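Participant: Each chain is listed here by its residues.
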Amino acid sequence: MTTFDLNFAADHFTLFGLPRAQSLDLESLEHSFRAIQAQVHPDKHAHAADSDRRLAMQWATRVNEAFQTLKSPGKRARYLLHLLGHDPQIESNTAMPVEFLVSQMELREAVMEARAASDEAALDAVRSRLLNEIRVEYERLAELIDMTKDFIAAANLVRQLMFQEKLLTEIDDALEAVTA
Amino acid sequence: MALLQIAEPGESAAPHEHRLAVGIDLGTTNSLVATVRSGMSVVLNDVQGRPMLPSVVSYAADGSVDVGYGAEAKQSIDPKNTIISVKRFMGRGRRDIAHIETLPYDFVDTEGMVKLKTIAGNKTPVEISAEILKTLRNRAEASLGGELTGAVITVPAYFDDAQRQATKDAARIAGLNVLRLLNEPTAAAIAYGLDNSAEGIYAVFDLGGGTFDISILRLSKGVFEVMATGGDSALGGDDFDHRIFCWIIEQAKLAPLSPQDARLLQMRAREAKEQLSQHGQAPITVKLGSGEYVDLMLTTEIFTDITRTLVQKTLVPTKKALRDAGLTVVDVRGIVMVGGSTRMPQIQHAVAELFKQEPLNNLDPEKVVALGAAIQANLLAGNRAAGDDWLLLDVIPLSLGLETMGGLVEKVVPRNSTIPIARAQEFTTFKDGQTAMAIQVVQGERELVSDCRSLARFELRGIPPMVAGAARIRVTFQVDADGLLSVTAREQTSGHEARVEVKPSYGLSDDEIATMLKDSFSHASDDAFRRALKEAQVEAQRLIEATQSALHEDASLLSTLERAHIDGGVAKLQAVIMGDDRRAIDEAMRDLSAATNEFAARRMNQSVKRALAGRKIDQLSL
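Taken in order, these protein sequences are the chains called H and G. Going by the numbering used here, the first residue of the first sequence is number 1, and it counts up by one from there. Going by the numbering used here, the first residue of the second sequence is number 181, and it counts up by one from there.
In isolation and in its complexed conformation, chain G is listed as follows (with noise of 0.2 Å):
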């Protein structure tokens, strides 16, 4: 007889150990990790109990780098090595960034995706993330007590692919396994609608320190399913706080300003805007480096005067998303409001008239994101608690295409359509004998392809000579739940097939992301061989824990020699897997998982056929 296994109060009686996820939400202005402990989704404080980690990255000149509050406090002594709102430089190239003259960094003159030129070498913003992400996973590892399993991390839902990609890496450089990239008003919504069990109609409005989201969402048991999603991936708190900068250099007439006077000023208009959502006014006085002094009264009217068009450039992707959705105002729940600069009161004011009904303020709008992520990781690491079982349907942002003759836009994918999702469109030559293709995919609504952001290009070759409009070749467009794409181009007639990884023309290489996680295991104290053994270690585990849970559950799908075939494919992986020949392990995991692939699709078949059994048996019972 099995003994009864008596867990501690607090703990997890389940039989497999409770897996340690954790939600990372990586702002433009600050950043936070959370995790489920005890069945309540919590805020991982730092050891001062602060919940906030400044998004803040210096770089000192013998390679240490200061992350957080310590980086905060070198911004105005130090801004070239000092760099904030690292995040509106993700998958951005130079002419992608507004108001570039003003900020005090050095750009180094490349193509695609910006990089820094710091006192610790050339530094890239998937680099810099990656350094509040490994900080934040230090500060989880800390606290829990043991190695993470995996993390959600979110991204604002107007991320094109380029911005998601740069997101991605950074995670893998930071050596965190990204269990799921989430949108971040998704992630509020599963925060809010878990807490209040909402039904209905429901839109998020996030506006954070550097971009703007709107997502519409329904909300029925079980389900989360995004219906729109509109907004503005360069547009936030940092652009009130630059419009507060111009009207104090315009006021008080100052001279062009030294890099560290421009930090300084920026972060009195900062305070200023912070201080605006609890009084009328605000005082802004500063003695700048160069003598001069700025004593000016900022009033909420001003505010709200100058602030005029970027409150109107929220309503119009807000207004877009409830037609995309085929709603109107009126049937709107509720709206959720999420990121700090939510706290304004003329943003809470156009919202409000707007939607005709005063916005859902109930929830710490700064901390709503990283725990509806945490949430979700926890759910997505396989920690399911009873009760613990949503669906969440999430949409694609920005249509996806292709260029066609005359550089015009053919679209493949439309956006807000829920992922995964896979469309494929023909093509054919148009020159007698033509045997290659070249295809350049694009993200963005308009109709000329050098208005859209150009995700890739690659060329399809060895099209066997045909005459003009005779090849087929098919291009599919597959985009997975993290919201990333995959193109594969194939010729039909002869079979021809090119797979193409997208890497955004802004994104990283391999190879760049190979030496970035050297570099970083190089000076962390771990070393990377073991690191990377240790990781196939886990994998090969949880392969093996799959497989025998799957044997378990459904062994009658297989026949004896089938199933002789896949114990032996265990079987070689555990005798590998304690090893340190990381290579055989690999092996050995790829030998079962391909043992494996027919079980998987006849268990998932099986599966669908019981979704379907039960649907039945609610319709006879009702």
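With the rest of the complex left out, here is chain H (with noise of 0.2 Å):
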């Protein structure tokens, strides 16, 4: 094994050289991912040896999706979650809240009722209280996993905020579909 190998294999934190936590400092991220990118990008070799663009090219992958995983607050909990070895088990795992569960219904009938009337601004408004909600339970996660360390409940919020992701993006599909 090379020096080389174990960085390449470290864990994002480590690679970006940010602690392991779900509330993050989106600038310093950025700052380490602009920084290594500067240094490994493609670009930045496109004149040296084959061999060396190669490696630029793996080197900025990993990069790329590492800093990916940990901008979105959804990746970045269930990277975390996974790390602490706290598997949110999103695809054996289904089990929800059923006032959730209800609630998502009504919010999802609402999306496919506003499509059926091609109505744009009544996307728009799901749209805009779906996000309202996603950002506040990002702010509920974040304390569950940074102060109070209750993984479980963690992972079943985890759970519950990829359903309403998805649904965000049946949203847009319908916004797409709406004003073609």
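Any given hint might turn out to be false.
What the hints assert, rightly or not - Short derived list, chain G residues pointing at chain H, Cβ under 7 Å:
| id | residue |
| --- | --- |
| 1 | Val403 |
| 2 | Ile601 |
| 3 | Ala604 |
Unchecked claim - Here are the simulated EDC-like cross-link-like pairs (lysine to aspartate or glutamate), alpha carbons at most 16 Å apart as the crow flies:
| id | chain 1 | residue 1 | chain 2 | residue 2 |
| --- | --- | --- | --- | --- |
| 4 | H | Lys166 | G | Glu590 |
| 5 | G | Lys499 | G | Glu533 |
| 6 | G | Lys499 | H | Asp173 |
| 7 | H | Lys71 | G | Asp504 |
No wet-lab data here; the hints were simulated from the structure. Given the structure is predicted, the values throughout are model-derived calculations rather than measurements. The C-beta atom is built at its ideal place from N, Cα and C for all residues, glycine as well.
Got two chains here, separate frames each, mind docking them using the hints?
Facilitator: Printed below as a string of structure tokens:
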């Protein structure tokens, strides 16, 4: 094993020199991301030998992946819980509180109705309502992981958030269909 | 003591020679080539002082090829052999081409990418585009007085893998070393951003002759980050011409047109459109070969009316790109207008209305892409001046996926992911004892495979027979910095691997390209052998220089034994470099590359560490 491999395999937080936490200083993250990309990006090695260029691509790919994961609060939480040994079991565990499911179904119906009626304003309204809910829940998620360290509750919330983010893409699809 | 080097005024004082690099805007209607000269990006004109090269290629019976203005003059005389807007055919099959019935060409009935029957034989869009690129390469080499080190070629951001691959193939056939395929709006953003020290969120609205792109970028000190891109790779000024063309036929109640008359009317339609950007009305008077007369007046109102749906088609992807970026119009600081078609008043109005601000028109919409490409080419070629250090982070425009059971698409790489990117997905067998698996790669946003573009199909064979569901096949997508895809599949339990260079279903095989290269060289004055040898020598020299400079900087990373191994490789390559045995050069290059692999890895690792260390110092000093 070379030193290079060890670093390449480092976890995303270590790679960017950040503490392992759900609440994260996005500015520091971007600063590190840019500092590393400024070294490894293929554009910086366009004139180098083949092996250097291949390596640059692998590194830039690795850094992009890490950045995308940490930038999105949902992906960051899933990754962090996995690192902490509390995998949210997204595929296998689909149990959700009843009241949550009911509220999601209502939202989904509203989306379908607005789509059928080609009502762009209504879709926008549902979208911003949902975005707001998601934002509040991410704040709670950071609290659960970083402060109270209730990883079970955090994993449950991550699963709910994935549900909501899926609905968000459905709204985006509906908006696209309506405005086309 | 070393002698002081004193440079001529205007010449670089750098110890390394200035490498000749250009940016090429290979446009639907016009193409341009630009370079950085004395720190300034400039478009290279032809001998008559004209910056544009019309993207028109005309083939003659004697095998000669005319490109540009000369070809343009032939378009209504010999429409079958004079190809305009060939960019619309790049990486496209017959079914993909709009209004194919109104085009004057004879299409060869083939699978995959379209071919055109001309008097000089069947031609693919790749070969036709290569003629345009060759003309620009010759112009640049004559103007700069030397052979080009490399070129950055721009492509519409919304080009898919097949269209990008076709563009890269065309450049290869034209004898160009492609430093990078660069997205057109990103190139424009570089030119605009560096010129205006722009900071913040900008939208680049790029409506060309045949393609439409919208890119949302975040510009901050030294970084151009594309947040989202969208568009329509079959929407442009040509479509606005076509609406006028149809309007003329309808208004003048014309009988079915001959190919010559059709081309003549298309030219008049385009002229009328251009006139409307300056005036409120445009007279259209034509005497057709059929003896019929056309005498009409097109007003801005009529034009706006008959093109309303086309304008709408630009706004839909614009809104979508904003949503994808997680932004609204109030976040956008400026809208940079690119492409000649943005001169149309109805486009200007629609953009201003959507973004609630006047778009930026302070740079030449037809030159800005080439100028930006030249700046990037200069940087990539290694002609870096102090302060020339920016980072460009671009995205993939369309999602990549795999076919799963029932013809559904499983998305593997979502659109607007920053490139380069890799994603892996695991699959399993569904029958006992299954030993092969067909993998179909698609690009697009729809859920059904049949609605997406098929990029490639390949088979992974030699899976050890197991019960259904036991095999684990890991398929990895790697998209490089050009936005081009390669796919590898690996059976995890046996380690059986299939590496697939994704040759798009609508692309050319390596054999076809080799033949075209040979054809191209047999027509050119220099012979293929000498050129290939020269290329190998240049490449070898580059490798030696890169290795020596790395050794100079980081020799401490190597043990004595490793150092001796690399020195040996350099010596071996130096021994063969000036000879005429190309295979010996290739072999020595391969050996040296292999010897420096580990060294390169350690250097990269070190530079990452330095980057992080730098960050911490920054933070401490705050």
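Participant: Now tell me if each hint is right for this structure.
Facilitator: Consistency of the hints with the structure:
Checking valine 403 (chain G) against chain H by beta carbon gives a least distance of about 6 Å; that is within 7 Å, so the hint holds. With a cut of 7 Å, the hint placing isoleucine 601 (chain G) at the interface with chain H holds, because the nearest CB-to-CB distance is about 6 Å. At its closest, the beta carbon of alanine 604 (chain G) sits 11 Å from a beta carbon of chain H; the interface hint therefore is violated under the 7 Å criterion. With a C-alpha separation of about 15 Å, the suggested pair lysine 166 (chain H) and glutamate 590 (chain G) falls inside the 16 Å cut-off, and the hint holds.
About 13 Å separates the Cα atoms of lysine 499 (chain G) and glutamate 533 (chain G), which keeps this hinted pair within 16 Å; it holds. Proposed proximity of lysine 499 (chain G) and aspartate 173 (chain H) is supported: the alpha carbons are some 12 Å apart, at most 16 Å. Note on lysine 71 (chain H) and aspartate 504 (chain G): the hinted pairing holds, with a Cα-Cα distance of about 15 Å set against a maximum of 16 Å.
The structure fails to meet hint 3 from the earlier list, while all remaining hints are met.
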